[in-house]
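J.: Quick mapping for you: the protein sequence lines, in order, are chains A and B. The numbering used here puts the first residue of the first sequence at 1, with every later residue one more than the last. The numbering used here puts the first residue of the second sequence at 1001, with every later residue one more than the last.
Simulated from the structure, these hints should not be mistaken for laboratory data. Idealized CB from N, CA, C, for every residue including glycine. Incorrect hints may have been included.
Claimed, not checked - With the C-beta cut set under 7 Å, the calculated list includes, among others, these residues of chain A facing chain B:
{"hint": "1", "residue": "G377"}
{"hint": "2", "residue": "V385"}
{"hint": "3", "residue": "L411"}
{"hint": "4", "residue": "P414"}
{"hint": "5", "residue": "H415"}
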Amino acid sequence: MIYDVEYETMPREALEAIQLRRLKTTLERVCATVPFYRERMATAGIKPRDIQRLDDIRHIPFTTKQDLRDNYPFGMFAVPMDTVVRIHASSGTTGQPTVVGYTARDVNTWATLMARALVAGGATANDIIHNAYGYGLFTGGLGVHYGAEKLGASVIPVSGGNTRRQILIMRDFKPTVITATPSYVLHLAEVAEEMGVSFKDLSFKFGIFGAEPWSEKMRQEIERKLNITAVDIYGLSEVIGPGVAIECHEAKKGLHIFEDHFLPEIIDPASGEVLPPGETGELVFTSLTKEAFPVIRYRTRDITSLNPEPCVCGRTHVRMNRVSGRSDDMLIIRGVNVFPSQIESILMETSEVAPHYQLVVDREENLDTLTVRVEVGEGLFSDEVRQLQALERQISKNIKETLGVSAKVKLVEPHTIQRSEGKAVRVIDNRKI
Amino acid sequence: MHAQQISIFLENKAGRLAEVTGILAAAGVNIRALALADTSDFGVLRLIVDDNQKAENALKQGGLTVSKTDVVAVAVDDRPGGLHHILELLQNAGINVEYMYAFVQHSGANAVMIFRFDQPDDALKVLTADGLKVIEGRRLYTM
Ligand SMILES: [Zn+2]
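Only chain A is shown next, with the shape it has when bound in the complex (with noise of 0.2 Å):
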């Protein structure tokens, strides 16, 4: 099933030419409403009407993390506030969130591609949708939500965490389709088994999993113990959300690009030179039609590749493969990204001198666990545990509240962190994805 067959299966030669167009509209409009734009194409020396191919974007600046935070809170917006009716937040690298807005059209656009994306997936407006995702600043919850009723399909906004009740829900309600991150649900066919639950049982037809690293090994384990169809999706908050990127379930290799909202890019991360279709570097956006927060060439930092070639689904969309990392050092924890500069400044505000320390990341029976490393040296340290428990219990409870995930925090002895060349090894990922 296609949910908007005239768009998602348009000739490439029609979906190029509406791109171009789109394209147009965006920069002209970027350039007269966002100082930032309008400043760094001025820089560039390069207008707006300058762009007469699809590929003269490679002319345009690149806009970074670093560029959305520089204009913290609203200073990327293009229109005016009143005209915003929802604003959503990620984490970034110091703390300091990615403020991104939408207009009435733009919560419209986002909940028609989400809408694209569980059909992609599986979904028909028949079935009820278990949606695990987090309601709240980050976008999963109601990205998905929106898409879901746009559907016409019953929405179960669940939400994360309670996982028990969740279970008794899926059994009594029984969802057809369930939403989450692809470790949440893990978790959650762990904990039904304590309880007596087989997810066999249940009435789950399709899956729709992302916002996190995974691999084809976990999605054949999913599909074992739920037994489930279950794809991937992709997306970022700055770009949209989740609905940027699906994969289909008649192929499964591939996430489809939504092309005629988003121009994809794949740059060498180190030059910054575009790459042809096939090679893999990182991933660069261009939104079409946003109002509230465009996005003109957003680096996304992560790693893939585009594949150009037809699908057997009908989708004319160009296909990137599974994220294969990151072009930063940004981990992704139970769906939250942790940035270690975001640990560092944590520490900086325990002690006068930031201690080393490191992140080590595990997967415990599905679910992420964070181990901060901390070393003691004279700043830190004191001679009675009862201060030293204190300052563990401190940190953990700042990092909570800052970033939002639970970590425990473990006092090592000075120089125990390894060294690279002299630096420290500041992320330790075991995690087997």
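Following the hints, complete the assembly by docking chain B with the ligand onto the known chain A.
T.: Using the frame of chain A, we list chain B with the ligand on its own:
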């Protein structure tokens, strides 16, 4: 009247304590008293040694985090109620004992206890006013 104690941060790892005593032995430092306070993950090792400077240098060179803390060494009557008398005295004066441990050597007929107080100066006044014998650092290290 205070004595100085050296405190070291240690992770709870097999053999770690022996490594520290090894460092001190190699530096020719004599350990006069020792107490370890620990949790499941880490501990604080507290030491009275004969040469603080030598010990501190050796431990720091060994990559350990070291701090110095003022403690009070008190001669305790080696009879029933000897320690109780001191603790009662301090409690009545509103002084808290953060921790305490025993010194290896006796001082004449008395046992020696090392105390860490929240108000060391007030504690000294209370103890000496009661006629209790407080042992100075210089004497303690070589006793
Ligand atoms: Zn397809």
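J.: Taking the hints in turn, state whether each one holds.
T.: Going down the list of hints, with the structure as the test:
no.: 1; hint: G377; result: holds, 6 Å
no.: 2; hint: V385; result: holds, 5 Å
no.: 3; hint: L411; result: holds, 5 Å
no.: 4; hint: P414; result: holds, 5 Å
no.: 5; hint: H415; result: holds, 5 Å
Going through the hint list in order, the structure satisfies each hint without exception.
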